[in-house]
Amino acid sequence: MPKHTFQLNGETVTVDVEDDVRILWVLRDVLGVTGPKYGCGINVCKACTSHVNGKAFNPCSVPVAAIGADDEITTIEGLADTVPGDGLHPMQEAWLEHDVAQCGYCQPGQIMAAVALVNKVRREGRAITEEDLDAIRNVCRCGTYARIRDAIRTGAEAM
Amino acid sequence: MVAADLALGAAPAHALPIPSVPQVPELYDLNDFLVHCALPTSNLIGITIAEDGDAHFALPRMEVGQGITTAMAMLVADELDLPIERVHVSLAPARKELLFNQLTGGSNTIVSMYTPVRVAAAVARKALLDAAAVQLGALVTTLTIKGGVIFDALGNSVTFGQAAADAAPTTTRKVEVRLKDASQQSLVGTPQRRIDALDAVTGRKQFAMDLDVPDALPTMVCRAPDLNGTARSVRNESAVKEMPGVTHVAIIPTGVAVRARTFGQCIDAVRALDVEWNGGTVPGMSADDVLAELRRAQLPLVVPKLGAAALDAEFVFHFRSGSALEPNCAVADVRDGSATIWGGLKSPIDTQSKVAKALGLPQDEVTVNVVQGGGSFGRKLFSDAAIEAAHASKAFSAPVKLMWHRADEPRQGRVHPMATSRIRATVLAGSVISFEQRHTSVPTDFTHGLGERITAEVAALPTGLANLGFAETIFLLTQELPYNFGVITQLLNEPKPAPDRFNTSSVRNIYSPDVATANELMVDQLAARLRKDPVAFRRTYLKSRVVRRVLDRAAELGEWGRAMPAGTAQGIAIHKEYKGATAVLVEIDCRPETVNRKVRDAVTGPRVTRATVVVDAGIVINPKGVEAQMMGGFMDGMAQALTYGNHLVDGHFLEASWDNSAYTRQWNVPLDFRCEVMESESKEPGGVGEAGVAASMAAVACAYARAAGRMPTEFPINFRAPLHFEPKSYVPPVPESPVDGLDHTF
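Quick note, the sequences are listed as chains D and P, same order.
Taking the working numbering, the leading residue of the first sequence gets 1, the next gets one more, and so forth.
Taking the working numbering, the leading residue of the second sequence gets 1001, the next gets one more, and so forth.
If you're looking for bench data, these hints aren't it; they were derived computationally from the structure.
Backbone N, C-alpha and C fix where the C-beta goes; we use that ideal spot for every residue, glycine too.
Okay, the calculated bits of chain P under chain D, using three or more residues with CB under 8 Å as the criterion: (1) 1191–1200; (2) 1663–1671.
Straight-line C-alpha distance at most 30 Å; calculated DSS-like pairs for lysine-lysine: (3) Lys-1096/P x Lys-1357/P; (4) Lys-1598/P x Lys-55/D; (5) Lys-1126/P x Lys-1096/P; (6) Lys-1180/P x Lys-1146/P; (7) Lys-1241/P x Lys-3/D; (8) Lys-1126/P x Lys-1146/P; (9) Lys-1146/P x Lys-1683/P; (10) Lys-1543/P x Lys-1305/P; (11) Lys-1598/P x Lys-120/D.
Covered by chain D, per the in silico footprint, the following chain P stretches (three or more residues, Cβ under 8 Å): (12) 1261–1267; (13) 1316–1328; (14) 1400–1411.
The task is simple: from the sequences and hints, build the whole structure.
This is the structure:
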């Protein structure tokens, strides 16, 4: 079986798995990293949203062979370590402040998408707009959407 | 878009409302029924104090996001004078002896457990104080508790942990305790964050598929192209078994199960399977066939149609998926004449019984562990995935972690049943003298009974008449039209009562969203007929003070009556259930530039721009949690009014994932959402998990009618619009995962 090496939450990992297995299953079923959730498998619900080299991506739709040894994957488990200090990431803190989660199933993906969105608008040299928030695709079946919007604004201020 | 013209006219009048006799739920409702069912065994719970002095409570209910573990922790912490961080609430496994007292439904957890859990905590407190009195050599009456430490008058102390060593009684005895009153509670009634929030935002919160059960490998089921079709034979079993990662393939009652190293390899195997299928349960049927069936079975209206005095309407509510974001899933380990199940299960005793039956085992040989669920919305009342997992584990002689593919959820999963609601209201001499509602529905499956074996088996008797009996009872105990409209009758009929053609369940709020939407649209019609403002009309005719209070507050907070541009409008609706009431006021924008706004691959349409929800939920444990449930209920109700439905075409549903099912997404969310939890005059707690849905759906429908100038009569209102998607294949039944994810990073 082919070996694949990549960076995961700050550590180098190597897995023995077929080339075409999507990264979501490599994370969850092979490595036991279960923060990214399955909600559709076709890149529409966004529950598995994680980061690759600092940008949001959906590991359900990327074969493990498409990732190289230097590519850095960050899941919700590794998000706090991307900022200085021992605490949480400011976006996680904002999620706590607004008590966003209900069942919590979509929230790792929501938070990872939110962080990437804030970074994206920063790169574009602007602030988050209602249109940016409207364009977030992550499904929340519990309907926490309004608190998500509030938390992103709070998190963005602290980032 | 199906709509009827808003009829204005008839005589304005200033007549008095004609009183209506009380309806059943005013005197005895579903929550009373569930509380009484739970009562005989409600003392079979206990609080455990560990050596470190922390309190542990195994809750015989299921947490699915509704916030009951947090509320329970607050109640226990207050009663024990222990910091909430030191109260640990877990979910009890199936406990057969609890009988009717281990069902999570009807928004009944707080209603049924509010007193028992406080009593359990108070008993623990008394035992700790008694033990501490001996240890400290002091009178119990001189002891005080602070932060889990017991002090005597001299300042000597023992911790809960120390006292607990001598506190556990060795015999059963009767004790009397006095519960704290509200003034002595410091947490109850104050906004608290969820106790599992940190786990949720760090990815540590574990759902069934996150559990590490040794050797439980991913398992998926290849399902038939037709609704409820079954597998006859597999033509390429050996080839599929040779596929990478695949370990097992077997026919089970609901399809062909495959077990593999990863779920990705299960998906590949499901797609590769060549199966000979038996037909489904509704061959060739489409939504309009079901509609014709329902119309033929509508119970007759009694009041004759009196020309201009009568307002008649019929409303159609289509199927919609009740699925949560976490798909149906369960872990099963069947071996050596016993079975162990792990899953998000709201009727675990019923699961235990059904798994035992499926495997031919005694019920006591089945252990059912309850795991927190990623949403439920009624879906997890049923044990579909647990039963499938048991079958698969038995067939494979190996543990399995079974999960449905998303495509299976709207297509084969449980749905809110399709229904019609026919209404005739009569206006005479300026007053409403009658209001008749005939609700006709595809049967709602209640074969989980009251969560245990006896009632479940009765409900599942073959003719369906027992299930109909359950359905009629639930309808009778939940539906209440709180207006003085003279003679009010609300009747349910479920033709073809055996719930064996469609997979249905008590989707969040059961009948109420549809019933309330039909009613409140008619109330607006009546107001228009009598030339009254919708809020003023409701105020005049409401017979319930609790409803009038929430209505008034919503109208005030939401600025009812403010000037709105053409093509936009306000809408307001009320609902009374769960020992409380809700009022929802929304503003909707139906102008073409809004309706036709473009978001990539999105269903946009009319946008609710502002929503105000006011709820009276009786005694409130955690107002922050109540607000969360109202927000969720609103997003749910809005979707059901505008965009969220399942299309039945030729024996199967078209929708197969979140890109097909247009549930509320950020581009639909009101930019201004506000919820107020009113100070209640009630002395008992209400239910909140479902309470927000009905009035929300109704308010959005009412606002739409006023903005568009046409009363919608079919829901979701975009049901007849051209499909926004190309239906996915039925064979194979699940789509391939894309490979281009790196082209869509941001």
